[in-house]
Amino acid sequence: MSGILVVAETRRGELRDISLELIAAGLGVKDAAGGRLAVAVIGSSPDGLGADGVDEVLTVAAQVEHFEAHVAQAALERLIEEEQPDLVLLGHTIDSMGFGPAVAARGGLGFASDVMEVGWDGDGPLARRGAYGDKLVAELGFPGKERTLMMVRPGSYEPVMAGGSPPPVRAVEVSVDPGVIASEHVEFREADVGDVDITKADFLLSVGRGIEDKDSIPQFEALAERMGATLSVSRPLVDAGWMSNARQVGQSGKTVKPAVYLALGISGAVQHLAGMQKAQTIIAVNSDPEAPIFGVAHFGAVADLFDVAEQLEQHFE
Amino acid sequence: MKVGVCVKQVSALDDEFEMLDEGTGVDPDFVERDLNEWDTFSMEAALQLRDAAGEGEVVVITVGDDEADEALLACLAMGADRAVRIWDDALEGADALAVARVLASALERESADLMLCGVQSSDAVNGATGVAVAAYLGLPHVAVVRRLDYDASGPTATVERELEGGLIEVLRVRCPALLTIQTGMNEPRYATLRAIKQARDKPLEEVDLDALGLDADAVAGAAGSQIRSLAPPEKGRGAEMLSGSPAEVAARIADIVKERVSA
Chain A
1 MSGILVVAET RRGELRDISL ELIAAGLGVK DAAGGRLAVA VIGSSPDGLG ADGVDEVLTV
61 AAQVEHFEAH VAQAALERLI EEEQPDLVLL GHTIDSMGFG PAVAARGGLG FASDVMEVGW
121 DGDGPLARRG AYGDKLVAEL GFPGKERTLM MVRPGSYEPV MAGGSPPPVR AVEVSVDPGV
181 IASEHVEFRE ADVGDVDITK ADFLLSVGRG IEDKDSIPQF EALAERMGAT LSVSRPLVDA
241 GWMSNARQVG QSGKTVKPAV YLALGISGAV QHLAGMQKAQ TIIAVNSDPE APIFGVAHFG
301 AVADLFDVAE QLEQHFE
Chain B
1 MKVGVCVKQV SALDDEFEML DEGTGVDPDF VERDLNEWDT FSMEAALQLR DAAGEGEVVV
61 ITVGDDEADE ALLACLAMGA DRAVRIWDDA LEGADALAVA RVLASALERE SADLMLCGVQ
121 SSDAVNGATG VAVAAYLGLP HVAVVRRLDY DASGPTATVE RELEGGLIEV LRVRCPALLT
181 IQTGMNEPRY ATLRAIKQAR DKPLEEVDLD ALGLDADAVA GAAGSQIRSL APPEKGRGAE
241 MLSGSPAEVA ARIADIVKER VSA
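The listed protein sequences correspond, in order, to chains A and B.
Note that the numbering used here has the first sequence beginning at 1, numbered continuously upward.
Note that the numbering used here has the second sequence beginning at 1, numbered continuously upward.
Hints are computed from structural coordinates only; laboratory data are not their basis.
It is possible that part of the hints are untrue.
Stated by the list, open to error - Just a few of them, taken from the derived set where beta-carbon distance is under 7 Å, the chain A residues facing chain B:
no. : residue
1   : G133
2   : L136
3   : G163
4   : I283
Idealized CB from N, CA, C, for every residue including glycine.
When you get a sec, could you build the whole thing from the sequences and use the hints?
The following block contains the structure:
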């Protein structure tokens with residue numbers, strides 16, 4: 001086909017949001033790439049993949065009910081062989097992390113993960129991604145590569161509007177040897193369900209590694225109560241066992257969109273930003289002027305969070 | 001039980017730093033190096049597996065120049081039995097796939113029962129190296145593991161995969177396999193002062209590409225990308241910075257909160 005192959009993502013039969021973001025990323029370079037844009041679905045084939053600019057939907061049957069990394073890997077390898085795309089787009093998601101790099105390694109493909117921007121410069125694709133923990137931005141090229149596979153960071157593109165005239169659907173027969181199935185699904189489980197739903201809060205006071213000590217938690221619980229906020233945390237505090245996963249904001253925790261998100265001592269790892277960057281107002285206090293959270297915050301202050309927290313108390317009864 | 005653990009000495013930028021002349025790298029004088037946070041969890045998991053089995057060894061492997069010995073010594077001090085460091089000038093600036101190619105060759109010599117990598121490194125954040133290593137070795141792999149039970153009789157591993165939004169998948173994978181380990185899986189142990197001293201007496205093997213049957217062309221061929229430019233992110237979308245004393249900052253924050261949160 002040449003052109004662009006978007007690999008849609010599903011979980012428990014439902015299309016995941018990243019799929020429509022990947023279509024947006026692909027449409028952005030489709031003309032420059034001078035080819036078609038096809039969307040492939042491996043396994044289940046949900047509706048809702050029709051969008052203006054999508055030329056074709058390819059369905060690939062899988063022998064397993066749920067995502068299985070080795071089946072996905074083999075199916076995508078065969079699909080690439082059959083369709084010969086110039087550019088393959090996956091999400092930089094947990095499922096795709098389980099097989100995307102394997103496809104690139106075995107196929108000798110151009111490869112970039114956690115890509116924030118997909119570009120094209122005449123000769124071929126370009127990728128922009130973070131470096132040194134997102135403190136710098138790298139532009140990557142793929143010289144000498146006939147095909148490139150990119151994994152695009154969730155939230156980097158506005159999802160396309162589903163709808164329009166449905167594109168033709170073609171079932172692609174790929175033979176995947178059942179011997180490749182190396183793992184067996186046991187069950188899905190929810191992590192901690194706590195006594196609080198942080199996704200419903202209008203105002204979140206969120207604390208991170210900067211609070212340094214478990215003994216500081218009560219102080220911020222009290223501050224949150226005084227300010228009328230719900231307390232949430234970033235991942236390191238959950239990893240350390242200080243707080244329940246139910247209060248965790250980020251990729252592996254909850255995605256929140258409060259009116260105000262006040263972040264104290266959170267540097268803003270990618271996985272955290274993914275969970276809060278849609279908040280209406282983001283205020284960040286951090287001692288590191290280069291903290292990535294200032295890149296998404298509306299208001300920021302380079303300050304000691306304890307000093308600011310102490311002063312904040314006086315403004316709320 | 002033999003467990004192979006791949007680790008990385010990561011680089012964090014100093015507040016002030018300078019770029020190298022060609023603009024595709026940072027001057028190494030301006031970075032702090034440390035053992036990747038994720039790797040402390042895979043090290044701990046490996047040590048627990050070895051100790052539960054009551055026999056075997058934990059072999060820790062890295063790709064890096066001689067400064068990476070520090071990361072290996074940290075792992076040896078935690079309790080790894082021996083370490084392997086692979087370096088060659090051709091590996092300078094190697095990307096995830098090139099590093100994976102090299103790690104795979106080193107692991108091939110070890111025939112470990114289980115191989116662990118961190119989910120990602122804190123500097124490059126590729127989330128790709130471990131699964132690419134498994135692909136080169138043709139081994140089963142599971143990414144983003146937060147719990148692990150190994151059953152030597154299978155051998156299989158029953159693992160919890162951490163999905164988005166607090167969802168967990170439990171699955172059973174055929175071994176030998178390579179797993180990428182998520183933070184928070186366990187409590188990485190601290191090395192005692194005595195263990196830190198003793199680490200220097202443990203075997204630390206330095207290996208070049210030749211010894212792995214590789215050469216510069218093999219590494220270059222495996223590489224998935226080339227850095228064209230490296231620069232600070234464009235500002236503009238950034239925050240309006242509140243300046244002043246903590247009291248002034250707090251007053252502004254209080255105003256913004258009161259204005260924008262509906263009572």
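Taking the hints in turn, this is what the structure says about them:
no., hint, result
1, G133, "6 Å, holds"
2, L136, "5 Å, holds"
3, G163, "25 Å, violated"
4, I283, "6 Å, holds"
Checked against the numbered hints above, the structure violates only hint 3.
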